[in-house]
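Read off the chains here:
There are 4 protein chains.
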Amino acid sequence: MLKIGIIGAGRIGQVHAESITKYVKEAEVKSIADVYLNDQVKEWAANMGIAEVYNDYKKILEDKEIDAVLICSSTDTHSPISIEAINAGKHVFCEKPIDHDVDRIKNVIKALENSKVKYQVGFNRRFDHNFRAVKEAVAAGKIGQPHILKITSRDPMPPAVEYIKVSGGMFLDMTIHDFDMVRYLLDSEVEEVYAQGAVLVDKRIGEEGDIDTAIITMKMENGALAVIDNSRQAAYGYDQRAEVFGSKGQVAAYNDTTSTAELSNADGVTKEKPLFFFLERYMQAYAQEMREFIEAITEDKDVPVGAIDGLKPVLIGLAAKKSIEENRPVKISEISF
Amino acid sequence: MLKIGIIGAGRIGQVHAESITKYVKEAEVKSIADVYLNDQVKEWAANMGIAEVYNDYKKILEDKEIDAVLICSSTDTHSPISIEAINAGKHVFCEKPIDHDVDRIKNVIKALENSKVKYQVGFNRRFDHNFRAVKEAVAAGKIGQPHILKITSRDPMPPAVEYIKVSGGMFLDMTIHDFDMVRYLLDSEVEEVYAQGAVLVDKRIGEEGDIDTAIITMKMENGALAVIDNSRQAAYGYDQRAEVFGSKGQVAAYNDTTSTAELSNADGVTKEKPLFFFLERYMQAYAQEMREFIEAITEDKDVPVGAIDGLKPVLIGLAAKKSIEENRPVKISEISF
Amino acid sequence: MLKIGIIGAGRIGQVHAESITKYVKEAEVKSIADVYLNDQVKEWAANMGIAEVYNDYKKILEDKEIDAVLICSSTDTHSPISIEAINAGKHVFCEKPIDHDVDRIKNVIKALENSKVKYQVGFNRRFDHNFRAVKEAVAAGKIGQPHILKITSRDPMPPAVEYIKVSGGMFLDMTIHDFDMVRYLLDSEVEEVYAQGAVLVDKRIGEEGDIDTAIITMKMENGALAVIDNSRQAAYGYDQRAEVFGSKGQVAAYNDTTSTAELSNADGVTKEKPLFFFLERYMQAYAQEMREFIEAITEDKDVPVGAIDGLKPVLIGLAAKKSIEENRPVKISEISF
Amino acid sequence: MLKIGIIGAGRIGQVHAESITKYVKEAEVKSIADVYLNDQVKEWAANMGIAEVYNDYKKILEDKEIDAVLICSSTDTHSPISIEAINAGKHVFCEKPIDHDVDRIKNVIKALENSKVKYQVGFNRRFDHNFRAVKEAVAAGKIGQPHILKITSRDPMPPAVEYIKVSGGMFLDMTIHDFDMVRYLLDSEVEEVYAQGAVLVDKRIGEEGDIDTAIITMKMENGALAVIDNSRQAAYGYDQRAEVFGSKGQVAAYNDTTSTAELSNADGVTKEKPLFFFLERYMQAYAQEMREFIEAITEDKDVPVGAIDGLKPVLIGLAAKKSIEENRPVKISEISF
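Chains as they are written, first to last, in UniProt numbering: chain A, 1 to 337; chain B, 1 to 337; chain C, 1 to 337; chain D, 1 to 337.
Think of the hints as simulated: they come from the structure by calculation, not from any bench.
As the structure is a computational prediction, the values presented were derived from the model and not from experiment.
Possibly wrong hints are sitting among the right ones.
[What the hints assert, rightly or not] Dumping the calculated EDC-like pairs for lysine to aspartate or glutamate here, alpha-carbon to alpha-carbon at most 16 Å:
| id | chain 1 | residue 1 | chain 2 | residue 2 |
| --- | --- | --- | --- | --- |
| 1 | C | K271 | A | D256 |
| 2 | B | K322 | B | D101 |
| 3 | A | K22 | C | D103 |
| 4 | B | K248 | C | D256 |
| 5 | C | K248 | A | D267 |
| 6 | D | K248 | A | D202 |
| 7 | A | K142 | D | D267 |
| 8 | A | K3 | A | E52 |
| 9 | B | K142 | D | E272 |
| 10 | B | K165 | B | D103 |
| 11 | B | K22 | D | E26 |
| 12 | D | K331 | A | E326 |
| 13 | A | K3 | A | D63 |
| 14 | A | K142 | C | D267 |
| 15 | C | K25 | A | E18 |
| 16 | C | K165 | C | E207 |
| 17 | D | K322 | D | E192 |
| 18 | C | K312 | C | D103 |
| 19 | A | K271 | C | D256 |
| 20 | B | K331 | C | D103 |
| 21 | C | K22 | A | E28 |
| 22 | B | K42 | B | E52 |
| 23 | D | K248 | B | D267 |
| 24 | D | K165 | D | D202 |
| 25 | C | K271 | D | D267 |
Start from the sequences, fold in the hints, and give me the full structure.
Set out below in structure tokens:
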């Protein structure tokens, strides 16, 4: 029985704790740490049967019984805690992004070089049943050679302006998942990126120097073209679709809904909106992500999303940012590393 | 160039005239007759390039240039005019039903016995692109041996109560098309029928001794089971669907719409309602029906829907009526003929 | 913390144990009993953290710590164990059907008369997200007054012939769920039923005196008409749909799939088949069913599916059987009770 | 009765002749001219009831009875014949594009300045029922302020390499329709364009200096972003979709099929492929286009697609070409005019 410590008891930390408790037989959550521990969190931890609750995450790293840690704290702490955990010999699951800064990610990768720990990055969408079905169809050659990838990724509502300030910008905060999907679905690296951005949802986002609407096009090393469209606010909910078009056909994945019910009346034929947001849409994916992380440890396999997979989308995001600033296509190789 | 005369200048007579003029190169409408000719009809005929307009349909039958007639007058005149036309050596396209009375249909069939004229009955749905695709899949063995057929057939609104009185009842007026579809899609005869009816749409329909809602189940000679559900009023429009289930799978056809547009907003994801009613839904089918009638004449082939196909649905309808009256399953063989 | 004992460690008993362990915080499974205990079951129970494993279910009934039992043993034992459990003051969740014999169900209802225990019957489909969405739309008046209900319910493959012999026949074994759905979706009782059955899937089923294909029509007390179509074998998987049509429109629920992926190629546009069978399709429903059973106990509320709801579908099933035997519509009131 | 002369008796000239004959009561095709007249064309013209067939289009322009001409000859002749026809006082319907050269289009616009003739350009997709439904939803404010437009436009197969040489390149030949759609659906002008192109379908296309796959992104004057993806070859047929996303929701249009039939079997649930190519998909649009051209003349209204609408997509296409050549975003204002 693998023993897990969770660093960061916010929403995503709790999601992972529940996934492990419910769905992963080979692991249990032994401890959780958060600098802002309150009674609600303590009660939740008690209900979950988590034995130890700390303010200081170092207690978890010092615990010799702990096999693996999940780093679910704020983004700026991801890379230093990652390095401490690696040095402490703990397997690491680190939420995305590892960092907004390439050099700090580089330090994590360096720390891993002579280590035997598993290090997985939290790109949960790779574990989504819909996108995985697309990936499998592409990998099985069902659409032939891929030519065009289209990803639509829109949130139901923008984050608070306070969050925008520390988010690293839409490309590193939100689109980073889509950049990961591009690499995952096409099994190829981005060579060059061109981004168009706009502030159409909320002026205050623009006042923070960020954008809320974008179209990003990419040339891939395998010759395919890719395009992502993003919005911070879709009135009908979380819109998460992908289609891959190739020499033999196309495979596409659409949104999930809470039911298949369809109402026909004088106004038309109406189905449900997409599932509200990531916790609803990716609930199954979060569980599967934990299962595969634990499996990588117990069966000593490669993790499905490694540190390099954590780095690459950051490079694409930085290139996209530069593309917006300079209004020109930017090669990934231009992003110094 | 085949010369056509149309008897009855009402809605369906005009539909056929337009189909021939627009889509059938091998034929032209030479004359039209209607007891209630008004200026509007005369103007319409002039616009269509129809040379002759009569009050008396006998003028058409006497015209030696006329090769074929379309009988689109009121139902009670179908069988006598059919016999006159057959005796005059004209090919006949007769709107459904030939008659509500089995003996009168029998007389038409007898008149055809020693005649060489083609006689087609107006079951337009056999020419619908959707139902034909279902038929072709079944005939090609794509679903294996048919086990269950389900037809949903609902009108957008009931006819006037005045019409109900002379309609012959819902089964002979409306369901008769569905009975024809059962025979067409399964390529087998109905052996026994059980019908449940209700008056749920409009009490006045019940006061005329008719029903407006029904479920009719049938045992087929080939062992399959079939079920039709009918309503005189669907709030969302004309609902025309069919599914055939068999040993290897199922094939189904759904409603058509004016466009594929889909609106996603805070209320859900909304598509268009079905096409409003039979003129919209079966526009293509009416044209195809005329094409195949003319083709049967010019190429001396069997008509796609013969007199016997006009008789059989009437027998099923009468059995269904008896089933309602006596609340028991009724064999088609019980309907004296 | 409610303590649960499970009687019967077969597939469905294990499903419920896992649902409670994973999804129901207020309850735990303390013990399980099965006459045919093997090592596999013991290991499974150990993994689930079930403390006690017995051959004899009476041990569970005698355990004063046990608050509620789940009766998941073979159908013939449901009613006697129900009565024992009620008399022992345990809350009961009993798998469907309570019995094939009306008098034995009556005995259970009698035992409940002076008891304060909760008694829930395992009609899991009432907890399905799709059918619940339909139910809620109907209850909210979105389709107006219900006129027609259509249920399609087809299994992916027939049970073993050995099972057919003890199943009580298709109507009591399989259609019984659909009869429950009719009552649930229309919130009205069946007055009269007419059934047509056939042996089209497997001759051996017919040799056991059973059928494998059926269409059942019903008149409801509220005036609506209902129809169920059943097959023991759909080549494309478990087909579970329902539509309710009414004065203001229609609401329908379709099948679930493992993903929304859609492949377009030279052969057409292909989506996935429905989820394979009941364990896949109703996984969520089984969990919700347990949640609501526990909630009925802890909050002292009415159970969502009571003993009378266990009786009614058996009466409809027996009427349907009689309808087949006598080839006539049968009133539910004819089934002596 | 308006009298029409058609210049160019190729496929599209014949399509328009048939549309007018079948669907436009207020006009008739009096004459047709083609430099390559053969017996097949003469026979077709005779069947259509076209009185006069010429080699020399000037005969049509000299005919005082002719009210309007349709220019359906090869692209290089569009602008000179346009000017001749305008000077002869004929209303003009000119197939797209007016020319590949901006100055030659300018000459046409100049010729129109002091003329009273109607001049319509053949962007048929504006008359498509699906795209029109999208346009109407956007114009009616159903999606609020438009933010993102996505157009997918893929042909079922590339043209002959011989045609590629004279086509003006994919952007002026194929994407030009999509550029028109962008302007039509968003009711705004393109400000800047960035295009990525690739040769993935057929090397010979690349050898002619053209591309066969592209993603083109645009900034609109109203602030919205737009993206088109193109391929010369979709294995599943002609893929013609559009979605407009805005502050209140999204409206999308999908492909048409020959029927709604859906086959469920052990391989999945399969619908039909999209209609094969433009003649099938836009059959209705071609007829509607003619109706509105004739209506603009008879009711003296503005044409739905004027000369300026013929110019603008050429400017966007030239900017897109330049963008590919220089791998940078190009403003429309950079294209000298």
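Here is what the structure says about each hint:
At roughly 14 Å between alpha-carbon atoms, K271 of chain C and D256 of chain A fall within 16 Å of each other, so this suggested pair holds. For the hint pairing K322 of chain B with D101 of chain B, the CA-to-CA distance comes to about 14 Å; that is within 16 Å, so the pair holds. Distance hint between K22 of chain A and D103 of chain C is unfulfilled; the C-alpha atoms sit about 42 Å from each other, more than 16 Å. Distance check on the hinted pair: K248 of chain B and D256 of chain C sit about 20 Å apart at the alpha-carbon level, beyond 16 Å; violated.
Pair hint K248 of chain C plus D267 of chain A holds up; C-alpha atoms about 11 Å apart against a cutoff of 16 Å. In summary, the hint linking K248 of chain D to D202 of chain A is supported, as the alpha carbons are separated by about 14 Å, within the 16 Å threshold. Distance check on the hinted pair: K142 of chain A and D267 of chain D sit about 14 Å apart at the alpha-carbon level, within 16 Å; holds. Between K3 of chain A and E52 of chain A the alpha-carbon distance is near 12 Å, which keeps this suggested pair within the 16 Å criterion.
Taking the CA atoms of K142 of chain B and E272 of chain D, the gap is near 14 Å; set against the 16 Å cutoff, the hint holds. Note on K165 of chain B and D103 of chain B: the hinted pairing is violated, with a Cα-Cα distance of about 21 Å set against a maximum of 16 Å. Among the hinted pairs, K22 of chain B with E26 of chain D is consistent with the structure: their alpha-carbon atoms are about 15 Å apart, no more than 16 Å. Distance hint between K331 of chain D and E326 of chain A is fulfilled; the C-alpha atoms sit about 15 Å from each other, no more than 16 Å.
Annotation: proposed proximity of K3 of chain A to D63 of chain A holds, straight-line Cα distance about 10 Å (limit 16 Å). For the hint pairing K142 of chain A with D267 of chain C, the CA-to-CA distance comes to about 12 Å; that is within 16 Å, so the pair holds. For the given pair, K25 of chain C sits about 12 Å from E18 of chain A by alpha-carbon distance, which is consistent with the 16 Å threshold. Between K165 of chain C and E207 of chain C the alpha-carbon distance is near 10 Å, which keeps this suggested pair within the 16 Å criterion.
With a CA separation close to 12 Å, the supplied pair K322 of chain D and E192 of chain D stays within the 16 Å bound. Restraint check for K312 of chain C and D103 of chain C: satisfied, since their Cα atoms lie roughly 13 Å apart, inside the 16 Å limit. For a cut-off of 16 Å, the pair hint linking K271 of chain A to D256 of chain C stands: about 14 Å separates their Cα positions. Simply put, K331 of chain B and D103 of chain C have alpha-carbon atoms about 37 Å apart, too far for the 16 Å limit, and the pair is violated.
Using a Cα cut-off of 16 Å, the hinted pair K22 of chain C and E28 of chain A holds, with the two alpha carbons roughly 13 Å apart. With a CA separation close to 9 Å, the supplied pair K42 of chain B and E52 of chain B stays within the 16 Å bound. Restraint check for K248 of chain D and D267 of chain B: the C-alpha separation of about 11 Å stays at or below 16 Å, so the hint holds. Of the supplied pair hints, the one linking K165 of chain D and D202 of chain D holds, its CA atoms being roughly 14 Å apart against a limit of 16 Å.
Our distance criterion of 16 Å between C-alpha atoms is met by K271 of chain C and D267 of chain D, whose separation comes to about 9 Å.
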